[in-house]
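Protein sequences, first through last, are from chains D and G. Per the numbering used here, residue 1 is the first one in the first sequence, and the count goes up by one each step. Per the numbering used here, residue 1 is the first one in the second sequence, and the count goes up by one each step.
Treat the hints as calculated values from the structure; they're not laboratory data. Among these hints, one or two may not hold up.
[Claimed, not checked] Stretches of chain G that chain D covers, calculated by requiring three or more beta carbons in the stretch to come under 8 Å of a beta carbon on chain D:
#	stretch
1	62–75
2	175–187
3	191–197
Bear in mind the structure is a predicted one, so any value in this text is a computation, not a measurement. Where a beta carbon is used, it is the ideal one built from N, C-alpha and C, also for glycine.
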Amino acid sequence: MLRAPLGVQTPEDFDADVRLMADAALQFARGEVMPVLDRLDAQEEGLMMSLLKKACDLGFGAVDSPAEFGGLGQPKAVATRVLEMLSPNGSFATTMGVHSGVGQTPIALFGTDEQKRRYIPPLARGDYMGAYALSEPNSGSDALSVSCRATLTPDGANWKLNGTKMWISNAKWAGSFIVFAKVEGERFTAFIVEREHPGVSVSAEEHKMGLKGSSTARLVLDGAEIPRDNTLYEVGEGHRVALNTLNLGRCKLAAMALGQAREAIHQTAKYARERRQFGRSISEFGLIRDKLARMASNVFAAESMLYRTVGCIDDAFAAVDPSKGNVAEQNRRAAEEFAVECSLVKVFATEALGHCVDEAIQVHGGFGFTEEFPVARLYRDARVMRIYEGTNEINRLFAFNRLATKGGLNAALDAEPTTAAGALFRHAAMAATKLDTRTQQVDAGLSDLLALTYAQQSVISRADRMEASRHPRSEFARACADYFSFLAGVAAYSRAAEVCARVGGEPPVTPELHGVGSDDRIAAAVLEGSQYPL
Amino acid sequence: MKVLVPLKRVPDPYSRIRLAPDGAAIDTTAIKFEINPFDEIAVEEAVRMKERDASVEIVVVSIGSAECEEQLRKALAIGADRAIRVDCAETLDSLGVAKVLVRVVERESPNLVLMGKQAIDDDNNQAGQMLAALLDWPQATFASKIEFNDGRATVTRETDTGQETLEFPLPAVITTDLRLNEPRYVALPGIIKARTKPLESLTLADLGAQQECRVAVVSMRQPPPRTAGRRVNSVDELIEALRVEKGLLKS
Ligand SMILES: Cc1cc2nc3c(=O)[nH]c(=O)nc-3n(C[C@H](O)[C@H](O)[C@H](O)COP(=O)(O)OP(=O)(O)OC[C@H]3O[C@@H](n4cnc5c(N)ncnc54)[C@H](O)[C@@H]3O)c2cc1C
């Protein structure tokens, strides 16, 4: 139904080298990052920069950047897995994610060779950090409405930029910024701005609810003068740079969410095993086991969707061929092709994380509400993930509207649904299109149904493949796929009923619900190793 | 200088071990495997030697089935130059391992064999000593510091009674202890580079070696689960309990 075919990529397809890379990333996060979280949150002078430098020395800073410019030239799926494993802490994840992602990919995809030569090697080495500056105080979700202006100097050699960018991650430490401004107040354009360019400054840190170790500050451009050659891509085409970078960024964000969700599961399982009430370990209680099962099933689903999507994006990039014309143009198309899936994955993974950290607190009881245990920090740090890189509202609306406007919807409705969620999506979408009563509420409901369908397909296909290849964890995968299908069936039914009620359509038929019994096996597997077992 | 580092594929020391249904092996489904941590220290030490002196060549060798190439590749990623896998489906005992390694030493003529003091799976702590004896080479076990000078090695070793320093000529066998060094994180460029490093697979016959194993694992048992303790109210009660219930103290 969606563009992304099944069976392109699952985490189980990674070869031993990639598993070793992922392991190296996890070892690094555990050994270097996790022991210093309090100091990171206090933004101890020089600490985050030195961690980033160490990470870059190990090659984590530019996994999917082009090899001829100092990156490692690996597929995006590999970069995604590495970032996932680097991400048990949100602040470090954001810093690395922005540095290796939105701070770098615009240049890798849209830059000239000269720009790539100038900026990618130092970013890959971690000489300085990268940042991405789109948002402004008055331009958030409505990102193309920026008021930052660019005008050419009279001699035509330089741009003069004026305006303030807000919420810029890494701002305090960044040496280069991808900045979006309007040429003559009209033509939306991307620029590469160096911190050392005259007229560039960074204001004080925001006081945030969480993610305190990550720098978030304003970038002030006060007649900032940058060379004309620092125009990124074409004048008036900045929206392509901005939006396509965000498509890929949303997958990286999902990886960062998964890394934190894994940590939440780990902490929760560990605590549940240790805590005793009523003379028993609380991990023996059905409600606690169910929480662990839901957390793991949702993570399994988010992971399955993410790697399916990234695998397809890799295939699209693999088809880019310099002999077939403009590379930047081909890159743009590759980054655009799975935009719907990228948004669905971003929303699903960040909400799976939201659910995980919430239940992590709950399982810890009162202790979870204190700073004595690490889950309070996880909870605070996770919250922003539903807000940045496009709020989840914006991503929900975008996903469904894009599918509808690009003609994907008809194809989606013609295809015979293979999942319970898919059948409910079809029912609700037919009701909504026939009656032409679409509102944002309806579109968001349909978007959720689309995500549940994508997720359910992805988990079933992954479990099938693991069984076929006799993967040692195939039983766990099947249990997750079954339990997720059960949960997705219930959620999809409720969403479909809501959409139908809103548009005055026939209510949906209750789906057949299987998989209820598999939660206990999932909980047992999670508890055994005190971690998400895949 | 040429350094041979034998290494063993072992279960990740942090994984939860369960027994296989037949009770004579561990259940290897879903456990992760690693380079034996002491062997990884040996690889690290060799790589540090190479960083000080570029002429050092590091050859890693493992005896086992195809899976252990994963661990050999990791050693190549850390910085070894080439790898040899001696194909062998059975698990050998320490003497069997030492005898195969003798053949590898004859083939490679290293100046030094650097290996873990023991493997964390069976904890035998024998292969290094046996290898040195079979080769009739000097040996230093439990090394916490190693220095080389003019074809001689100076090794500080940790013993139960304190530190001991040995000095001897090469070639020699040195086994590593925990405090020798702290292995580095594997760097991604190293992993990519390792893809083009040679990994040779040999049969026992190629080496003129035999599969020898005098030790058979008859059965394995999980340690009994710990039962809850009990509080006693006085020393007298404790002594009474130890004497009567446990039969521990003779009056
Ligand atoms: C910690 C942090 C780090 C960040 N890092 C960066 C960065 O590095 N670079 C960068 O450029 N930006 C960054 N951002 C900014 C972030 O992307 C924006 O906050 C986000 O896009 C939302 O914009 P806003 O805050 O202006 O909210 P608004 O756009 O004002 O939204 C407010 C609410 O209205 C909803 N809403 C808005 N429009 C619609 C609509 N059309 N239909 C329905 N609902 C709507 C939103 O979903 C939201 O719930 C960061 C933000 C934070 C908090």
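Checked hints:
| no. | hint | in the structure |
| --- | --- | --- |
| 1 | 62–75 | holds (count 4) |
| 2 | 175–187 | holds (count 3) |
| 3 | 191–197 | holds (count 4) |
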